[in-house]
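A.B. asks: Modelling step: build the complete structure from the supplied sequences, incorporating the hints.
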Amino acid sequence: MAKRRLDLTFPPRQATKPITYHLVKDFDLTPNILRAQIQPGQEGRMLLEVSGPREVIDQAVEFLEGEGVAVHAAASDICLDEQQCVVCGLCTAVCRPGALTLDQDSAELVFDKDKCVYCEACVVACPRRAITLTF
Amino acid sequence: MAKSWEEINARIANGEAVVMTAEEFGDIAAEQGVSTAAKQVDVVTTGTFGPMCSSGAFLNFGHSDPPIKMGEITLNDVPASGGLAAVDTYLGATEPSNVRGIEYGGAHVIEDLLRGRAVRLRATGPGTDCYPRTEIDTWVTLEDLNQAYLFNPRNAYQNYAVAVNSGDRTLYTYLGTLLPRLANATYCSAGALSPLLNDPTYRTIGVGTRCFVAGAPGYVAWEGTQHNPHGDRDEHGVPIKPAGTLAVIADLKQADPEFFSAATFTRYGVSCFVGIGVPIPVLDEEIAATLALTDAQLTATVFDYGVQRRSRPALGTVTYAQLRSGQIEIDGVKVPTGPISSLPKARRVAEELKSWITRHRFTIAPPLQQLPQVGAQAFKPLEVRTEEAI
Ligand code: SF4
Ligand code: SF4
Numbered sequence: 001m002a003k004r005r006l007d008l009t010f011p012p013r014q015a016t017k018p019i020t021y022h023l024v025k026d027f028d029l030t031p032n033i034l035r036a037q038i039q040p041g042q043e044g045r046m047l048l049e050v051s052g053p054r055e056v057i058d059q060a061v062e063f064l065e066g067e068g069v070a071v072h073a074a075a076s077d078i079c080l081d082e083q084q085c086v087v088c089g090l091c092t093a094v095c096r097p098g099a100l101t102l103d104q105d106s107a108e109l110v111f112d113k114d115k116c117v118y119c120e121a122c123v124v125a126c127p128r129r130a131i132t133l134t135f
Numbered sequence: 001m002a003k004s005w006e007e008i009n010a011r012i013a014n015g016e017a018v019v020m021t022a023e024e025f026g027d028i029a030a031e032q033g034v035s036t037a038a039k040q041v042d043v044v045t046t047g048t049f050g051p052m053c054s055s056g057a058f059l060n061f062g063h064s065d066p067p068i069k070m071g072e073i074t075l076n077d078v079p080a081s082g083g084l085a086a087v088d089t090y091l092g093a094t095e096p097s098n099v100r101g102i103e104y105g106g107a108h109v110i111e112d113l114l115r116g117r118a119v120r121l122r123a124t125g126p127g128t129d130c131y132p133r134t135e136i137d138t139w140v141t142l143e144d145l146n147q148a149y150l151f152n153p154r155n156a157y158q159n160y161a162v163a164v165n166s167g168d169r170t171l172y173t174y175l176g177t178l179l180p181r182l183a184n185a186t187y188c189s190a191g192a193l194s195p196l197l198n199d200p201t202y203r204t205i206g207v208g209t210r211c212f213v214a215g216a217p218g219y220v221a222w223e224g225t226q227h228n229p230h231g232d233r234d235e236h237g238v239p240i241k242p243a244g245t246l247a248v249i250a251d252l253k254q255a256d257p258e259f260f261s262a263a264t265f266t267r268y269g270v271s272c273f274v275g276i277g278v279p280i281p282v283l284d285e286e287i288a289a290t291l292a293l294t295d296a297q298l299t300a301t302v303f304d305y306g307v308q309r310r311s312r313p314a315l316g317t318v319t320y321a322q323l324r325s326g327q328i329e330i331d332g333v334k335v336p337t338g339p340i341s342s343l344p345k346a347r348r349v350a351e352e353l354k355s356w357i358t359r360h361r362f363t364i365a366p367p368l369q370q371l372p373q374v375g376a377q378a379f380k381p382l383e384v385r386t387e388e389a390i
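Chains X and S, in that order, are what the protein sequence lines are. This note's numbering puts the first residue of the first sequence at 1, with every later residue one more than the last. This note's numbering puts the first residue of the second sequence at 1, with every later residue one more than the last.
Incorrect hints may appear among the rest.
Unchecked claim - Each pair of labels, with its calculated beta carbon distance range:
#1 S:Gln-147 to X:Gly-98: 44 to 54 Å
#2 X:Gly-98 to S:His-63: 50 to 60 Å
#3 X:Ile-33 to S:Asp-251: 54 to 64 Å
#4 X:Thr-30 to S:Ala-296: 45 to 55 Å
#5 S:Trp-5 to X:Thr-132: 45 to 55 Å
#6 X:Thr-132 to S:Ser-325: 23 to 33 Å
To be verified - Covered, in the sense of this in silico footprint (three residues per stretch, anywhere, with C-beta under 8 Å from a C-beta of chain S), are these stretches of chain X:
#7 4-10
#8 34-41
#9 50-64
#10 118-125
Calculated directly from the structure, the hints in this document are not laboratory data. Backbone N, C-alpha and C define an ideal beta-carbon position, used for all residues, glycine too.
C.D. replies: Encoded structure:
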């Protein structure tokens with residue numbers, strides 16, 4: 001049995017539900033949706049953990065790509081290097097799920113990892129390159 | 001109750017001066033009234049820590065044997081100006097590396113020097129009778145340099161734009177990543193702590209003002225480039241758009257990497273965060289009234305960066321208190337905000353400057369020359385024209 005974290009990007013009109021359905025039904029995999037950001041008519045993003053035999057996961061990835069879903073190995077962790085951070089707050093302007101916010105009084109950076117969807121927006125926005133994703 | 005510069009300096013020299021940050025002064029004024037606060041306090045310290053592209057350092061390397069007249073110069077592969085005397089250079093903060101592009105630039109070289117790291121200096125020269133060497137490849141540290149001083153032609157902008165993007169694609173700007181369809185707003189000022197917002201008419205801040213530059217004691221050297229006193233002002237006389245600027249100078253060897261941080265704005269370029277703080281004497285109630293203004297009273301204008309022209313449409317004004325709350329409203333739409341200028345660091349600058357004055361008897365200096373005031377030369381754009389059209 002293998003476990004893999006996949007970062008899926010869906011084209012705007014691709015429904016996400018049947019995809020997980022196929023993973024269970026056709027491939028007998030156990031998908032676990034860690035995070036999903038799906039809005040009608042917009043590109044969707046899903047962080048998925050699948051467990052099953054290695055070759056079957058490979059086949060499932062091929063199937064997903066055939067359906068027009070972009071599949072990448074997902075980041076498994078996000079790191080904030082406090083030595084590099086200058087607390088400018090710029091990352092908070094791009095973090096839509098609200099994982100990165102500024103404390104109302106101290107204006108210090110607050111990072112709530114549980115809300116992170118690993119979208120990488122902050123990684124690109126941080127002028128100090130203080131945030132990194134690890135795989 | 002007016003106090004003179006001399007009286008205040010005498011109190012600083014005796015260790016008796018009452019010094020507060022602009023935030024603390026705002027609190028006292030709110031509690032006890034401006035006139036009581038004006039009597040009690042001698043000096044108010046300000047601070048800002050935001051990206052300031054127009055920054056850089058003059059460096060002198062000393063002469064090698066045999067000597068070289070450096071023409072093309074690089075420091076850690078970042079080009080520096082060869083247009084000065086043989087071994088002088090100006091390294092601009094935004095200059096990108098020949099090898100790593102905007103991920104490493106002039107600002108990063110300056111930060112490396114400040115952190116005590118050796119930097120690779122390579123240069124070529126024409127080879128002349130007095131400077132026969134044509135090539136050099138060596139390593140230098142900040143300590144090795146004869147002179148190294150920051151000369152930043154434009155820092156400490158008096159107010160700045162709030163940026164939004166009404167377009168339908170993400171924009172990568174010097175105000176950060178602007179999400180399409182007004183999905184976020186970014187802003188860049190220390191608000192109530194910002195030096196020039198506390199002295200909106202440049203009464204006490206001018207050429208020769210002693211100030212805090214990247215952790216070193218420095219001076220206001222001149223008006224900053226694009227200094228523009230003319231724009232719209234609110235009922236307190238405070239600009240509501242980008243207005244005045246300062247050119248500052250300070251010894252790089254005394255600067256502190258805590259207050260100078262290189263930055264890369266994705267798909268835009270290199271820049272650096274610089275900590276600037278200016279002490280403002282509480283001479284009378286008039287200046288106390290602007291020192292007492294808080295984020296709830298100071299405003300900034302929202303501009304649409306989705307329109308990529310010199311004159312971007314203004315979408316109204318918001319207060320810094322609203323910006324700091326994390327959300328503003330534009331045409332009834334709630335837009336999340338994020339700063340670019342660090343408030344915690346701005347506070348550190350103002351606190352540090354306060355301790356310079358109270359503990360180290362850092363005295364203040366009246367301007368030797370005023371900055372251009374309203375009525376001075378108008379701020380001019382650059383027209384694109386041919387020789388015949390002149
Ligand atoms: S953008 Fe980078 S430097 Fe700025 S607060 Fe976020 S992590 Fe820190
Ligand atoms: S990757 Fe960064 S921007 Fe995206 S959700 Fe996580 S913390 Fe927020």
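A.B. asks: Now tell me, hint by hint, if it's right for this structure.
C.D. replies: Checked hints:
1. S:Gln-147 to X:Gly-98: 44 to 54 Å: About 48 Å separates the Cβ atoms of Gln-147 (chain S) and Gly-98 (chain X), which means 44 to 54 Å holds.
2. X:Gly-98 to S:His-63: 50 to 60 Å: For His-63 (chain S) against Gly-98 (chain X), whose Cβ atoms are near 57 Å apart, the range 50 to 60 Å holds.
3. X:Ile-33 to S:Asp-251: 54 to 64 Å: holds, 57 Å
4. X:Thr-30 to S:Ala-296: 45 to 55 Å: Since Thr-30 (chain X) and Ala-296 (chain S) have Cβ atoms about 54 Å apart, the given range 45 to 55 Å holds.
5. S:Trp-5 to X:Thr-132: 45 to 55 Å: holds, 50 Å
6. X:Thr-132 to S:Ser-325: 23 to 33 Å: About 30 Å separates the Cβ atoms of Thr-132 (chain X) and Ser-325 (chain S), which means 23 to 33 Å holds.
7. 4-10: Our answer is that it is violated, as 0 residues pass the Cβ test (under 8 Å) against chain S, missing three.
8. 34-41: violated (count 0)
9. 50-64: Result for this restraint: violated, n = 0.
10. 118-125: holds (count 3)
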